[in-house]
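Protein chains in written order, with the working numbering: chain G, 388 to 504; chain R, -14 to 100.
Wrong hints could be hidden among the right ones.
Here are the in silico distance ranges between beta carbons for each label pair [stated by the list, open to error]: (1) R:LEU67 with G:GLU446: 31 to 41 Å; (2) R:ILE36 with G:GLN404: 35 to 45 Å; (3) R:MET97 with G:LYS429: 16 to 26 Å; (4) R:LEU67 with G:LEU426: 25 to 35 Å; (5) R:GLU49 with G:GLY403: 25 to 35 Å; (6) R:SER55 with G:MET402: 42 to 52 Å; (7) G:ARG483 with R:ALA(-1): 37 to 47 Å; (8) G:ILE441 with R:ILE36: 35 to 45 Å; (9) G:ARG409 with R:ILE36: 26 to 36 Å; (10) R:LEU67 with G:ASP450: 17 to 27 Å; (11) R:SER11 with G:SER484: 45 to 55 Å; (12) G:VAL399 with R:PRO25: 30 to 40 Å.
The hints are simulated quantities; they were obtained by calculation from the structure and are not laboratory data.
Glycine included, each C-beta is placed from N, C-alpha and C at the ideal position.
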Amino acid sequence: EPEVTQTPSHQVTQMGQEVILRCVPISNHLYFYWYRQILGQKVEFLVSFYNNEISEKSEIFDDQFSVERPDGSNFTLKIRSTKLEDSAMYFCASTRSGGGLSTDTQYFGPGTRLTVL
Amino acid sequence: AQSVAQPEDQVNVAEGNPLTVKCTYSVSGNPYLFWYVQYPNRGLQFLLKYITGDNLVKGSYGFEAEFNKSQTSFHLKKPSALVSDSALYFCAVRGHNNAGNMLTFGGGTRLMVKP
Chain G
388 EPEVTQTPSH
398 QVTQMGQEVI
408 LRCVPISNHL
418 YFYWYRQILG
428 QKVEFLVSFY
438 NNEISEKSEI
448 FDDQFSVERP
458 DGSNFTLKIR
468 STKLEDSAMY
478 FCASTRSGGG
488 LSTDTQYFGP
498 GTRLTVL
Chain R
-14 AQSVAQPEDQ
-4 VNVAEGNPLT
6 VKCTYSVSGN
16 PYLFWYVQYP
26 NRGLQFLLKY
36 ITGDNLVKGS
46 YGFEAEFNKS
56 QTSFHLKKPS
66 ALVSDSALYF
76 CAVRGHNNAG
86 NMLTFGGGTR
96 LMVKP
């Protein structure tokens, strides 16, 4: 069964450093998403992405964050200058279709645990 | 704005007994509703969803959920719990008009099934 994969599984970085989290969505999916889950808290939406553009973003997704589809298979989340409060589990998800009328299920990857020291 | 409430942080049930994990939601217009399960150190696994039609939705691993529009609820149920069902369960909602497909999650309910 196709699945979303994410690398690395765990990333440790120093405050102020840049990190790039990588995701390989399901191969025939066209819509991509990032969510995060701070330890012990709820899963929060960060951004959705389609056709090389951001479709929607939350208040969390400020100028320190960016997303990119650098090639036909990868989808990345970059945090330009990490802060302690960026420590969280970051989940990537994908769907075949999107938009308001889409009923597709978002399938999630296993997550990358980011620890900022 | 859309929101989800899972009023119980933890639900304890004995193996073989029925289980219910509660979820209520708020969304503009008709909702799309989802349940996901998270095992330790794992990602979110899809269990089931309500889009339209029959209010009782059946999903993976014997789980089902009942959509109740008047009570704005989507409770997760299983007739007979297994110890292996012990995990963290998340309810999520999306409005029909949400072009970005943003899912809003509840805070999660930890299900503990004891032998």
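A quick look at each hint next to the structure:
The hinted window of 31 to 41 Å between LEU67 (chain R) and GLU446 (chain G) holds, with their beta carbons roughly 40 Å apart. For ILE36 (chain R) paired with GLN404 (chain G), a C-beta distance near 42 Å keeps the hint of 35 to 45 Å intact. The beta-carbon spacing between MET97 (chain R) and LYS429 (chain G), approximately 19 Å, falls within the hinted interval of 16 to 26 Å. Distance hint check for LEU67 (chain R) and LEU426 (chain G): the Cβ-Cβ separation is about 27 Å, which falls inside the suggested range of 25 to 35 Å.
At roughly 48 Å, the beta-carbon separation of GLU49 (chain R) and GLY403 (chain G) lies outside the given 25 to 35 Å, and the hint is violated. Taking the beta carbon of each, SER55 (chain R) and MET402 (chain G) are about 49 Å apart, inside 42 to 52 Å as hinted. Taking the beta carbon of each, ARG483 (chain G) and ALA(-1) (chain R) are about 40 Å apart, inside 37 to 47 Å as hinted. The hinted range of 35 to 45 Å is not satisfied by ILE441 (chain G) and ILE36 (chain R), whose Cβ atoms lie roughly 25 Å apart.
At about 31 Å, the CB distance of ARG409 (chain G) to ILE36 (chain R) agrees with the hint of 26 to 36 Å. Distance hint check for LEU67 (chain R) and ASP450 (chain G): the Cβ-Cβ separation is about 47 Å, which falls outside the suggested range of 17 to 27 Å. Judged by the Cβ atoms, the range 45 to 55 Å given for SER11 (chain R) and SER484 (chain G) is violated: they are separated by roughly 25 Å. In this structure the hint that VAL399 (chain G) and PRO25 (chain R) lie 30 to 40 Å apart at CB is violated, the actual value being about 20 Å.
This entry does not satisfy hints 5, 8, 10, 11, 12, going by the numbered hints stated previously.
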